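Novice: Line order of the protein sequences matches chains A and B. Mapped onto UniProt numbering, the consecutive letters of the first sequence carry residue numbers 1 to 235. Mapped onto UniProt numbering, the consecutive letters of the second sequence carry residue numbers 1 to 950.
Keep in mind that the hints were calculated from the coordinates and are not lab data. Treat the numbers as computed from the prediction; the structure is a model and nothing was measured. Ideal placement from N, C-alpha and C gives every residue a C-beta, glycine not left out. A couple of the hints might just be wrong.
Said to hold, decoys possible - Derived pair list, reagent style DMTMM-like, types lysine to aspartate or glutamate, alpha-carbon separation capped at 25 Å:
no., chain 1, residue 1, chain 2, residue 2
1, B, 574, A, 198
2, B, 299, B, 318
3, B, 380, B, 413
4, A, 233, B, 353
5, B, 228, B, 792
6, B, 151, B, 81
7, B, 314, A, 43
8, B, 363, B, 48
9, B, 574, A, 95
10, B, 299, B, 385
11, B, 153, B, 213
12, B, 299, B, 255
13, A, 203, B, 580
14, B, 574, A, 11
15, A, 8, B, 206
16, A, 233, B, 206
17, B, 380, B, 464
18, B, 314, A, 95
19, B, 373, B, 413
20, B, 373, B, 255
Unchecked claim - Residues of chain A clear of chain B, computed beta-carbon distances all greater than 12 Å:
no., residue
21, 19
22, 56
23, 68
24, 97
25, 129
26, 187
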Amino acid sequence: MNPFATPKPTDLLPTSTSLLYANLHPILLLSILAFTFPAVVADPVPALLGLAPTTALLQGLYCVLCLPSTGQSPPEEKRKGGEKRKAGKAAGSQDVWAKVVPTFLSLLLTLLLTTPVLTLTLLLFGAPLTTHHPQTLLLALHLALLTTPPLYYVHGLTSTTWLQLASLQVPIDEVYGMTLGACAGAWVGAVPIPLDWDREWQKWPVTVLVGCYGGAVVGKVVGGWVFKGARVKMA
Amino acid sequence: MVRSRTTRLTALTLANVLLPVAVLVFAIGFFPFKPLLPGLAIFADVQEEGTLGHGQPEAVFDRVVFMVVDALRTDFVYGHDSGFGFTQSLVRSGAAIPFTAHATPPTVTMPRVKAITTGSVPSFADLIFNLDESGTGSTLATQDTWLAQIKAKGGKLVFYGDDTWLRLFPSEGADRFFERHDGTSSFFVSDFTEVDNNVTRHVPGELARNDWDAMIMHYLGLDHIGHKTGPQGPNMPAKQKEMDGIVQQIYEAMEREEHQRNTLLVLAGDHGMNAGGNHGGSGPGETEPALLFASPKLKDRGKRMAYQCPTSPKEGTEFHYYNKVEQSDIVPTLAGLMGLPVSKNSLGVFIQEFAGLWHNDQKAAQLAHQNGKQMMSIVKAAYGDASFDKHTDKWNACYATTDPSCDATDGVEDELAAMWAQAELALTAASQTKDADWYAVYQLFAGFAYAAQEALSGAASSYDIPKMAVGMIVSAASLALAALSFSNVWPPTTAGVFLGTTSFLYGAMMFASSYVEEEQHLWYWLTPAWTLVLTVSSLARTNDRQQQVRLAIAGTAVLAVHRVAQRWNQTGQKYAGAPDVVHTFFPEHFVLMWLLILMTYGYLCWALVRRTFLHFIGPELAVLASVALVVPAIVFKLNFTQADAPELVQGLAYKIRQWTAGFSLVTQAQLAFALQCLAVVMVVAMAVGLSRGTVLVGPGGPAVVVTLAERLHYLLTLFLTMQSRAPNIPLVLGMEAQRLALEQLLSTTTARPTESRRNAAISSPALAVSTLLLSHAYFFCFGGSNSISSVDLSNAYNGVADYNIVAVGLLLFTSNWTGPIWWCSAAVTLTFSKAREPEGASKKLMANGGRHWIQQERKLLREQAAPPRDNKATGEEVADPWLGYVACMTFIIATSLLAVMAACTALRTHLFIWTVFSPKYLYAMAWAVGWHLVVNVGLGSLLRWLGQIG
Ligand SMILES: [Zn+2]
C-alpha cells in the first residue's frame, strides 16, 4: 500500500448488528451524558470518573461491531446469509479476538497517549492553568475517548496517516466526522462560561463536556450522512 | 470578480475618511453637552414677594470646613471595622448626620468635584477633560458653584490638597478663588503619607485664624492605599484613624474656639472604590462614598432622628448606609445652611434632615420653594419655556375646576408641571391662612425637586437621536465601501470566513452587557482556534517532514505564549482581583521579574545590533549605540518603578538608583526618548541614502537582508517598553516569539520562490486576522478592559514637564495600546519576505575593519538585486499585501463601530448605558481613530512605504 495515498472514507461493516449499533451509538452516548448530568454538575470529578468506563465501553463496542480494523477494508462483496454463517461459525472465536485485541489496544493508546496530549491542548486553549487540574484531565480523557479509539482502530498508528488526519487531508466519514465534531463542540462549549447567569452548570468543565458529546454526535451523524467523502478545504 | 487597484484604493480611502466622521457625529448625539445657564444665581431670582416675602431664612452656619477624603467609601466610616471611632461617636451623639452619597459614573475625581461644587451631573464628555491637565476645557472659574457664591458674597476661601481643584478653580491672578492654597499632585499612588501630611500641616494654623469662610481640603492617601493594596490593605486602618484624628481636631476646635462656633464640617468622599481598590465605573462600592455633616449645633434640630453607629448596610446591599442622597444635594444644602443662593445649574435637592434646624416649617417651606424655583428654570431650559408654561397653565386650570379628567398625567414634562402647579396652589393657599400647614407645602416643593432631579439627571432626555442615526448610517457606508475594497469576495478564503465570523460574533456580543465587560474572553477564545486553523492549513501545504515539524513547533509556540499571556493581568469585571502574574506572582518574585525584564532588554540590544544597525555602522559601534539606547531605558524603568511601585524594586540596584538620583524622572525619560528619536532619524537617513546608490528603489523590488521597516520595528519596541509598566515588559519577548512563529505559519509557499521579491508570499486576510486577534488579545493581556477604571495613567506623563495635552494624549494612548501598536508594526514586517544573508557577507565587511562599508553594502545589494527578467510581467500583478490588510482592518473596525453604535442606541434607556455601553463607546472611538486610523493606516502605511524604499 502506498503510504502517501490518501485514505478512503471508512465504510461501516455491512452487518445488521453493525448498522443497528451504529444508529444506536449516538443515542446511547447522549443518554449516558443526560443521565449523569446532574451528578457532573454537582461534583464533576467523581462523576466524570464514573462515566468514563461506560463511554469507553460504548466506543469499544462501536469499534468491534461496526468498524473494519486497521488495513482491513470491509468485505468487498456481500456474501449470502448462509455462507456467512458458516464462515462465521468456523472462525468465530478467532474473529472476535481479532477485533477485541485491537479495540483494547486502541483504548489503551487513547488513555496513555491521547489523554496527555489533549490535556496539554486543553490547557493551551484556555483551561485553568493553576487550578481544576483533575477536572481538566478527566475532560481530556472523555474528549480522547470520544475522538481517538475508532481512529486508532481504523487507521492504526502510521505517522503519515496521522499527519494527514491532523492536516485535514482525509475525506470525511462517520469516524473522522465524530472526531472533528467533538473537538469543535469542545471549543464552542466554552462560550457560556463567562456569561453572568450565575448558574451552577457554568462551572468548569461542564459546558465543554456537553460540547464534546454534542459535537461528537452531530459530527458523527453529519459526517456519516451529509458530508461523507467530502474534504475540508482551507485556502 | 477581481476589482481594479484604483477602484479598491478609492473605496478604501473613502471608507477611512468616513470612519472619523461617523465616530464624531455619533458622539455629538450620544454625549451631548448640556446647555449651562450662565451667570451667578441671586436671591431675587427665586424670592417671591407675594407669598413668602423678601426675607431669607437666616444662615445657620457662616463658615464651612469641606474635607474631601478621596475614595472614602461608606463602610470605611460607618462600618464595624472602621477606624473612624471619634466620627462614629459624633453620629451617635447627634452632632453628625451621616449619609450615603450616590456618585454617578464616571467615578473619577474631576467629574465628582464638578458635581459636588456645581450640583450638576457631569456628562461623559467631562471624562475626556479629566485627562486634560491644562484644564482649559473645563475650568469652573466662570460657572456657578458654592465657592463662587461665597466669593461673590465677599467671603474668602483657602484650599489644601489634590491640585485637581486648583485646575478647576483659578488660583492665581486677579480673579483667583483661594486666599491661600497648597496643592499636592496625585501622580505616584505609592505615596501614602506625604500627600496627606502636606494638607494636615496647614490645619492647626487655619483653625486658629478667623479670616476665611471656607476651608477646602482634599486628602489623597486613602485612595492611593486603595489603588495599591485594595480596601482591605494593611495601611487602611491606620489611614482611617489618621483621617478620624483630623475630624476630631476640627470638631474640638469648633467646640473650643469662639470664632469656630458657627462652623460646619462636611466630610465627603468624592467616589468610592471597588473590591480591587479601583474606581471609575459603577461597580459595587465605586458609586457609594460617605457624606457626613458635623457641628455641635446639629444636636439642636427639631424632629431629630437618632442614628446607630457603627452599623451594617441596608439589607441586600453592601455599601448603602443610612439615607441615600445624591452628591449634587450637597450644593442646595450648603447654600441653605450658609444663607447663599443655590447655584444655577444645580440639580440637587435640599436634604430633608436639615429642615428642622430653623424650628419653623415656614422657613423650611421657603427654602424648598426656592430650591424648586431654581430647578424649574433648568426644567424650562430643557423642555422650552413656552411648552412648560402651557402644561402648567393646563394644570392650574384643572385644579381650579377640580375636573376629574385631569388626574392622568402624560409624560415626564406633564407630570412635573402638575406637581409644580399643585405646590404653587398650596403655597398661595397657605400664605392666605393663619396656622397653615407649612410642612405640607415643604413636602410638595421637595417632591417637585426630587422629580425634577430624577428627570433631568436621567440620560434619556438628552440624546440627539437623528445625529446618532446619521453616525450609524455613515459607519454603515464606511462598512460597505470597505467591503468594496476587497479584491475579490467569492470564493471566500478560510481567513475571510474567519474574519466575517469574528465581525459577526463581536457585533452580536456588543448587545450583552456581561460580554462587553468580559470582552477579553472572545479574543482569548478565538486566537487559539485561528492558530490551529493556520497551523493545520500550513501543514497541508508541505510534504517536507522537517518543515512540518517546524510548523507544528511554531503553532505550539504561538499557543503557549498566548496561554501564559492570558494570565499576565487579570481583567474584566467578574473575576477582578483574581490571582495573576503581575499582581500575585511578581510582588513575591520581583527578582525573577527583573531578570525577565533584563532578558527582554538583552534581546532588544541584540536585535538593535544584528538587525537595526546591521551594515550601517561597524559591529563594535553598533554594540555601543545599542547599549547607549537600551541602558537609559532600563534605568528610567527602574527609577520609575521605584517611585510608582516600590514593592517591586525593594533593595534592588541601589547603586544605580543612587547614581541617577540627581536626575528627575522627567529628564531621564526625555534623554531616553531623545536618543530613540536620534536613532530613528539616523537609521532612516542611512537606509534611504544607501538605497539611492543602488537600483532597488521602488515597491516590489528584491528582498533585502533587513528592511527599513524591520530596523524601525525594534526601535519602536524599545519605545513601547518605556510606555509599559515594568511587569508587562516581558510580554514583549513573548510577542516577538509569536511574530517569528507567525512568519513561518503565514508563508503560503514553502520553497521560497519569492526569495528575490520584496513582498512576502502571504495572504493578506490571514495576516489581518492574525494581527486583529493578537492586537485585541494583547490589549487585554496588558491589563486593559472596557471599564474606565482600567485606564493606566501612570505612563502618560513620561518626560512631560509642563502639561501638554497633545503629548499626554499620545503617551496615554501608547501606554494603554502598547500591544496593539506593536502588532501593527509586526504586521508590516511580516509583509516583507526574508532574504537569506549571503554567506560571509558580514565577515567581508568586518575584514575591512568596517571601512568602505557603504560601497560594500551597495555592491552586495546590487548582486542580490538582479531579478530574473521574466518575473517582471507578473511582478506588476503581485497584489500589495498591505492594501488587502488595510481593507480587512477597515472592514472589521467599521463593523465593530456600527455594532457598538447600534447597541448604544438600542439600549439607551438600559440601566447599564452609562456604566457599560458609554465607556465601551469611548473605547470603540479609541480603537477606530487611535489604533485603526492613526496606527494602522497612518504609521503602518508609513512603515510599509519605508520598508519598500530602504
Ligand atoms: Zn483614585
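Novice: Would you mind marking each hint as holding or not holding in the structure?
Specialist: Cross-check of the supplied hints:
no., hint, result
1, 574/B - 198/A, "10 Å, holds"
2, 299/B - 318/B, "29 Å, violated"
3, 380/B - 413/B, "10 Å, holds"
4, 233/A - 353/B, "74 Å, violated"
5, 228/B - 792/B, "13 Å, holds"
6, 151/B - 81/B, "40 Å, violated"
7, 314/B - 43/A, "35 Å, violated"
8, 363/B - 48/B, "13 Å, holds"
9, 574/B - 95/A, "57 Å, violated"
10, 299/B - 385/B, "43 Å, violated"
11, 153/B - 213/B, "10 Å, holds"
12, 299/B - 255/B, "13 Å, holds"
13, 203/A - 580/B, "19 Å, holds"
14, 574/B - 11/A, "48 Å, violated"
15, 8/A - 206/B, "92 Å, violated"
16, 233/A - 206/B, "80 Å, violated"
17, 380/B - 464/B, "18 Å, holds"
18, 314/B - 95/A, "75 Å, violated"
19, 373/B - 413/B, "15 Å, holds"
20, 373/B - 255/B, "36 Å, violated"
21, 19, "32 Å, holds"
22, 56, "26 Å, holds"
23, 68, "26 Å, holds"
24, 97, "36 Å, holds"
25, 129, "6 Å, violated"
26, 187, "6 Å, violated"
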